[in-house]
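Protein sequences appear in the order of chains A and B. Number 1389 in our numbering belongs to position 147 of the first sequence; there are no gaps in the numbering. Number 237 in our numbering belongs to position 44 of the second sequence; there are no gaps in the numbering.
Honestly, the hints are just simulated from the structure, not real lab data. What you are looking at is a predicted structure, and each value in this text was computed from that prediction instead of being measured. We treat Cβ as the ideally placed atom computed from N, Cα and C, and that holds for glycine. Worth double-checking, as some hints may not be accurate.
Claimed, not checked - Simulated crosslink set (DMTMM-like; lysine to aspartate or glutamate; CA at most 25 Å straight-line):
1. B:LYS573 with B:GLU544
2. B:LYS334 with B:GLU273
3. A:LYS1279 with B:ASP555
4. B:LYS291 with B:GLU342
5. B:LYS459 with B:ASP283
6. A:LYS1353 with B:ASP502
7. B:LYS257 with B:ASP283
8. A:LYS1317 with B:GLU563
9. B:LYS501 with A:ASP1299
10. A:LYS1279 with B:ASP554
11. B:LYS550 with A:GLU1266
12. B:LYS551 with A:ASP1299
13. B:LYS501 with A:GLU1388
14. B:LYS564 with A:GLU1466
15. B:LYS551 with B:ASP534
16. B:LYS531 with A:ASP1299
17. A:LYS1272 with A:GLU1315
18. B:LYS375 with B:GLU431
19. B:LYS491 with B:ASP502
20. A:LYS1353 with B:ASP283
21. B:LYS291 with B:GLU261
22. A:LYS1317 with B:ASP377
23. B:LYS497 with A:GLU1315
24. B:LYS497 with A:ASP1299
Unchecked claim - Covered by chain A, according to a simulated footprint, are these stretches of chain B (three or more residues, beta-carbon under 8 Å):
25. 436-442
26. 512-525
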Amino acid sequence: MTCKAAVIVFPGSNCDRDCVRSFEAVTGLKANLVWHKETSLPNYDFIILPGGFSYGDYLRCGAIARFSPVLSEVKRLADRGRYILGICNGFQILTEARLLPGALLRNHGLKYLCRDVYLRVETSQSPFTSSYKNGQIIRLPISHGEGSYSLNPRELNTLNDQDRVVFRYASAGGTVGETSSPNGSQESIAGIINRERNVLGLMPHPERLAEADLGGLDGRPLFESVLAALGGQA
Amino acid sequence: MEIRYTAQILTYGQFRSIWNLTRPTLSLGFSQAVFYLLPLTNGLWSSGDYDQSLGGASPEMTEKLLYEGKAKKIFLTESEDELLVFYKDDATAFNGAKKGQIESKGQLNNAISSVFFELLETAGVRSHFLKKTGSNTMLVKKLEIIPLEVVVRNIAAGSLSQRLGWPEGRVLDEPIVEFYYKDDALGDPLINNNHIAALKLASPCDLAFLEEEAKKIDRILSAYLLARRVRLVDFKLEFGRHKGQILLGDEISPDTCRFWDAETNKKLDKDRFRQDLGEVTEAYQEIYNRLTCQAVQKYRALVKVRLKDSVLDPQGEAILRSLSSLGLEDFQSIRVGKLIDISVVGENEREVSHKVKKLSDDLLANPNMEKYSFTVEPVK
């Protein structure tokens, strides 16, 4: 199979190589690093916007990366149904680019949080989560200062009605409640998908727990899901 | 007037040349332009030959050519005191060592010079300029030219950089006025007041007048240009005598001035031709556009970006909580926002406000969570 993935590199990206490595290790497919000045991505079926501090997070996280030349191509591919995954800073860029609704605000505790959290997989009905079970509790690391998801109540209802909240922060026991969000996210939201279900953004880092040597495998099914959606076998 | 002539005589290239010449200055519609051209075609091109250098000239000019220079032709008129100047597209540099053509230069320089002469007239500088009579022509008073090039410099460039070893772009504390002896055979050498006295080119009194007049022109042009985001680097003037008075003569154009964009320092003058920088016509056109546009003014915009009231501000909360330990009371709420301080140029407050609003909507504030307000005020 000739499917390929592109991992976009912005000035300040720092999870780009982790994404390439995890994607290749899990899927056996090729992933290329693509500089943000690129204006055409014709041969890619899957695009990852990785974590990091694009443009130093100046103004707002992702606000300047949104004007990178590559973003118009990413938008075009999103419109054509290609799979787009934004992790952490990538999620922030996707909201700034209006490919996903809402915004990611300063953590309520004001601190940068770098630790493992538990998540509940809210839906397996997506090309990114088909290899998880509905309601499955997984463990992934977070690493962010601005991860508090915020959205107006009307649109929040729409998200819920359309089964578009993909991950919520949970306790180890799997309950989602007032205290389960480490950063103050509304309704403990950790990841959402667009209406067409081909653009996913999440704050936790699946690429950091996709190989046994790294102390966990809970990120692995996400890449396996993408592989299946692209028509391949793990 | 015989309409059949047009079909026989005008090739597409000729028509395009005439169209280009007449369109910007006369703002004629298509049919009017053709109509306007008919008398010209009868007079000029009835032989079927198209004289490139005379494009746009009026028929009577073909009769009494007085003098042809590198960039202009001078024609006699029916009045003894007046001459008709025709601006050519021909360009030369380095005292004629480099030759070429700059498309539309003739009409652009004619238009630019006319704007400058009119501006100077209203500011009290007397010149030979009477009126612009066509796309490439202006009517002027006949002068007895003083064979001096009077050069005023505000920023080091060209021969001043070479002579003093100063880098191009060095801003001079005071304008420098220089005199060059107009003599092609000698290569227009730099001379001083003693040379001028020895050559009997101008009396000490006249020379003082030339220097003062040149500085005055520099002040007027520099201010006018800077308000249109152009730096006047240096320029050359020529003067002549008319009925006992010394008047400004020649032309003021990108051929005789160095113009740099005030923000980028991009060259907008004949240096683009001298140094093969390309986009020569575009630069001349840009100067014309700037001259005829409204003056721009500098504004300061202050944009306040705040979280919407419905969005929790943990930073403000943290500050509020800390106040009790400072012994401060009565503070009900604190919310932290951003103040963005912007310097921007524009034609008026309304236009600048429009630009700042777009910037705020597109980049400075995220409408999902933030609101903004701003003020705009002119900077002295």
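Structure-based check of each hint:
{"no.": "1", "hint": "B:LYS573 with B:GLU544", "in the structure": "holds (18 Å)"}
{"no.": "2", "hint": "B:LYS334 with B:GLU273", "in the structure": "holds (9 Å)"}
{"no.": "3", "hint": "A:LYS1279 with B:ASP555", "in the structure": "holds (20 Å)"}
{"no.": "4", "hint": "B:LYS291 with B:GLU342", "in the structure": "holds (20 Å)"}
{"no.": "5", "hint": "B:LYS459 with B:ASP283", "in the structure": "holds (23 Å)"}
{"no.": "6", "hint": "A:LYS1353 with B:ASP502", "in the structure": "holds (22 Å)"}
{"no.": "7", "hint": "B:LYS257 with B:ASP283", "in the structure": "holds (20 Å)"}
{"no.": "8", "hint": "A:LYS1317 with B:GLU563", "in the structure": "holds (24 Å)"}
{"no.": "9", "hint": "B:LYS501 with A:ASP1299", "in the structure": "holds (21 Å)"}
{"no.": "10", "hint": "A:LYS1279 with B:ASP554", "in the structure": "holds (24 Å)"}
{"no.": "11", "hint": "B:LYS550 with A:GLU1266", "in the structure": "violated (45 Å)"}
{"no.": "12", "hint": "B:LYS551 with A:ASP1299", "in the structure": "holds (21 Å)"}
{"no.": "13", "hint": "B:LYS501 with A:GLU1388", "in the structure": "holds (17 Å)"}
{"no.": "14", "hint": "B:LYS564 with A:GLU1466", "in the structure": "violated (41 Å)"}
{"no.": "15", "hint": "B:LYS551 with B:ASP534", "in the structure": "holds (15 Å)"}
{"no.": "16", "hint": "B:LYS531 with A:ASP1299", "in the structure": "holds (15 Å)"}
{"no.": "17", "hint": "A:LYS1272 with A:GLU1315", "in the structure": "holds (20 Å)"}
{"no.": "18", "hint": "B:LYS375 with B:GLU431", "in the structure": "holds (10 Å)"}
{"no.": "19", "hint": "B:LYS491 with B:ASP502", "in the structure": "violated (33 Å)"}
{"no.": "20", "hint": "A:LYS1353 with B:ASP283", "in the structure": "violated (69 Å)"}
{"no.": "21", "hint": "B:LYS291 with B:GLU261", "in the structure": "holds (18 Å)"}
{"no.": "22", "hint": "A:LYS1317 with B:ASP377", "in the structure": "violated (63 Å)"}
{"no.": "23", "hint": "B:LYS497 with A:GLU1315", "in the structure": "violated (32 Å)"}
{"no.": "24", "hint": "B:LYS497 with A:ASP1299", "in the structure": "holds (19 Å)"}
{"no.": "25", "hint": "436-442", "in the structure": "violated (count 0)"}
{"no.": "26", "hint": "512-525", "in the structure": "violated (count 0)"}
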